[in-house]
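A.B. asks: One-letter residues, chain by chain:
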Amino acid sequence: MTSTDAAELAASPEAIAAHLAASRYLADDSLATAIFLAIRLGKPLLLEGAPGVGKTEAAKAVAELLGRELVRLQCYEGIDAGHALYEWNYQRQLLAIRHAGEHEIDIYDDRFLIARPLLQVLRAPVERVLLVDEIDRSDHEFEALLLEFLSDFQISIPERGTIRAATQPIVILTSNRTRELAEALRRRCVYHWIGYPDALREAEIIMLRSGDVAEATARAVANAVQEIRARPLAKPPGIAEAVEWANAATILEKGGSPWPEAFRRAIGVLIKDEEDLSAIAPELDRIVEEALA
Amino acid sequence: MRRPENLRPAAVPFLGFARLLRHHAFPIAPEQTTSFMRAVTLLGPRSMNDIREAALATLAPSPDRRGEFEAHFRSYFYGDAKPSIEGEEDDETRVKDDRSAREEERQTIRQEKGGELSSALEQLSSRDFQRDADGLGPFRRKLASSLPARRSFRTARTRSRGTLDLRRSLSEIVSADGDIPVPQLRRRQAVSRKLLLLIDVSGSMKLHTADYLKLAHAAVQGADRAEVFTFGTRLTRITSALRIRDREQALARAAALVDDWDGGTRMGPTLLAFLSVPRFSAFARGACVVILSDALERGDHTDLETAMRRFSARAFRLSLATPLAGDARFRPATVALRAILPVLDDLVDGSSLGSLTDFVLSLARPAPAAETIWKRVS
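Protein sequence lines correspond, in order, to chains D and C. Heads up: the first sequence begins at 1 in the numbering used here, then just goes up one per residue. Heads up: the second sequence begins at 1001 in the numbering used here, then just goes up one per residue.
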């Protein structure tokens, strides 16, 4: 596949939305537009949003849409070049030196180079999509390193020279916004803030993502989750939790619990914080009943 | 507006919109304006909404200022009379972050318009601070090295006690023509923990806030990573004001930022508001949290208790410095204090700068929990 193919697939935001729906991801107009612009402008896509709104899923769906392999780089505090760019396989190099004896040997050969995610993508930009996940967890030094990569799409290896991407790879960054990202990074990207979906869309997502949840159940779950998110919880439930809740309640119902009871018993997959649970418990019955109505 | 030579007339409004945003302190780079125009071309544009989506995606307004952005968009492209800018959080506790001077001007105007935003308890007033001589210089110099440390994931070269650094060892071997010289070692670095100061600026703390702000200024200047917030009826982040090296200037700037001087306290709700902002609560994680307050919470103290419990779950060490403890007869006897005592690591004297600086410098040394100490006393 070449980059012109990518442009064909991304003919319009609507085409993107249709393709994403085919790979079981429901994107709203805004997100479809942002993905469209990122692909066509050749810029990285920065997705921000609360945990559990489907940022990583969006990246997976984009990779599927383009028929490319997703290379994921999970960020954490202290991540450095050795984890993100490349590393030499020192043990093999040492062995090779001993093995070579008197012969000359190039220990900076390709077979001693371990390609980490960024290098992997540079080497095959039209076969891979790069996902830099939870960039807000990394520290400022890594953000600067990434900035360099994102502006030129090249990596310099002192022993080997500069490796440049033949075409611009597609890069998706996600952030939970636990800290403010550098302005320089934001302005290089196409930006999209993913919010929680409205009840109608959430019900559609639940239907699409779960195994065999009835439509009425999905709608009830979506309504109840909207209601629960409006409360000041330490961790408001994400979309993934809502899907789990619908699944769990369906299983319990099939096992013989009547409806409101099944929702109440499955609450542990939706709210995973003791304090939140006790805060919501007195109101749960009312919320579930209203949602079922 | 002067039009650049090679710009088509249809493109002028987009350039103008970027300029308008920049005027209102949105950080917009020239390359973002270019991508904005390219995006609009790519999208058609078939409707006004396309232009809006393009603007959102390429000009990247931060989610906090999204409402403001939309208002500017409407006023510019639809010609609405005036961009009416409302506060975005409906939350009862207002959070203010001083990221840029411009923004701060906007926000003060905003607050004056919205009469319903100020609670009955609030007294909005500003204050000036005078410069005087005190022993904060040594405190500032010593602070970075005396905060508690943690092991970082980054490694540094070392001569002893470390693991083998294969990368350096190998290049050493290569440059020594295959001889194996002294192996190179590396060890994980120690970095000092974050320091978070939460300063009570309510009426009951009136005598001490000036000193506390001086301490906060020295802390921001001295520590690697420190954040300072004030709370009364509102929560205000004053860290960037305190980054100004000149103390007088920094304190004047910080004093102007805070709107709730000498008003009432809503300690519980404001601390909960702090924790509900992910950016802020992430800063509290693994940090030394020092709350400078008398903890005189009127009325219900369940919010305060919840907030303190959440803080102690996040923080490396949670300390409360109260000026009341300067009195030798002080005992943690109020209902609120008794309720939060079990989760506090320290409950110390905050009545003078001297005792406070000594305490902050001793944060790295282990101490028995606050409850144990105060039980012994009473």
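Fair warning: there could be bad hints in the mix.
Computed beta-carbon distance windows for the label pairs [claimed, not checked]: (1) P258(D) <-> R1046(C): 22 to 32 Å; (2) R1331(C) <-> P258(D): 11 to 21 Å; (3) P1278(C) <-> I157(D): 53 to 63 Å; (4) L1275(C) <-> P258(D): 33 to 43 Å; (5) P1278(C) <-> S151(D): 39 to 49 Å; (6) G1135(C) <-> E148(D): 23 to 33 Å; (7) D110(D) <-> D1358(C): 39 to 49 Å; (8) R1019(C) <-> Q168(D): 22 to 32 Å; (9) S12(D) <-> A1156(C): 27 to 37 Å; (10) R1331(C) <-> E283(D): 33 to 43 Å.
Which bits of chain C does chain D cover? Going by a derived footprint, with three or more residues having C-beta under 8 Å, they are [what the hints assert, rightly or not]: (11) 1048–1057; (12) 1134–1143; (13) 1157–1171.
Which residues of chain C face chain D? A few of them, derived with a C-beta cut under 10 Å, are [said to hold, decoys possible]: (14) A1029; (15) S1062; (16) R1066; (17) G1067; (18) L1185; (19) R1188; (20) S1192; (21) L1275.
Keep in mind that the hints were calculated from the coordinates and are not lab data. Beta carbons: idealized from backbone N, C-alpha and C, even for Gly.
A.B. asks: Each hint: holds or not?
C.D. replies: These are the hints, each one checked on the structure:
1. Checked against the hint of 22 to 32 Å, the pair P258(D) and R1046(C) fails, with Cβ atoms roughly 50 Å apart.
2. In this structure the hint that R1331(C) and P258(D) lie 11 to 21 Å apart at CB is violated, the actual value being about 55 Å.
3. Between P1278(C) and I157(D) the beta carbons are some 37 Å apart, a value that contradicts the proposed interval 53 to 63 Å.
4. A hinted range of 33 to 43 Å holds for the C-beta pair L1275(C) and P258(D), which are about 38 Å apart.
5. Checked against the given bound of 39 to 49 Å, the beta carbons of P1278(C) and S151(D), roughly 28 Å apart, lie outside it.
6. Between G1135(C) and E148(D) the beta carbon distance is about 44 Å. The supplied range of 23 to 33 Å is therefore violated.
7. Taking the beta carbon of each, D110(D) and D1358(C) are about 60 Å apart, not inside 39 to 49 Å as hinted.
8. In this structure the supplied range 22 to 32 Å holds for R1019(C) paired with Q168(D), their Cβ-Cβ distance being about 29 Å.
9. Separation of S12(D) from A1156(C) is about 52 Å and departs from the stated range, judged on CB atoms against 27 to 37 Å.
10. The hinted window of 33 to 43 Å between R1331(C) and E283(D) holds, with their beta carbons roughly 39 Å apart.
11. With a threshold of 8 Å between beta carbons, the proposed coverage of the stretch 1048–1057 of chain C by chain D holds, since 6 of its residues qualify and at least three are required.
12. With 0 residues carrying a beta carbon less than 8 Å from a beta carbon of chain D, the stretch 1134–1143 of chain C misses the three-residue requirement, and the given coverage is violated.
13. Restraint check on the stretch 1157–1171 of chain C versus chain D: 4 residues with Cβ-Cβ distances below 8 Å, three needed, restraint holds.
14. Annotation: A1029(C) was flagged as interfacial toward chain D, and the flag holds, the nearest CB pair being 4 Å apart, inside 10 Å.
15. For the restraint placing S1062(C) at the interface with chain D, the shortest Cβ-Cβ distance is roughly 8 Å, inside the 10 Å limit, so the hint holds.
16. Taking 10 Å as the C-beta contact cut-off toward chain D, the hint placing R1066(C) at the interface holds, the least distance being around 7 Å.
17. This hint is violated: G1067(C) has a C-beta 12 Å from the nearest C-beta of chain D, more than the 10 Å allowed.
18. Taking 10 Å as the C-beta cut-off, the interface hint given for L1185(C) is violated, the closest approach to chain D being about 14 Å.
19. Using the Cβ-Cβ criterion of 10 Å, the hint placing R1188(C) at the interface with chain D is satisfied: the shortest such distance is roughly 9 Å.
20. Checking S1192(C) against chain D: minimum C-beta separation of about 14 Å lies over 10 Å; hint violated.
21. Among the interface hints, the one on L1275(C) holds; its C-beta lies about 8 Å from the nearest C-beta in chain D, closer than the 10 Å criterion.
Checked against the numbered hints given earlier, the structure breaks hints 1, 2, 3, 5, 6, 7, 9, 12, 17, 18, 20 and satisfies all the rest.
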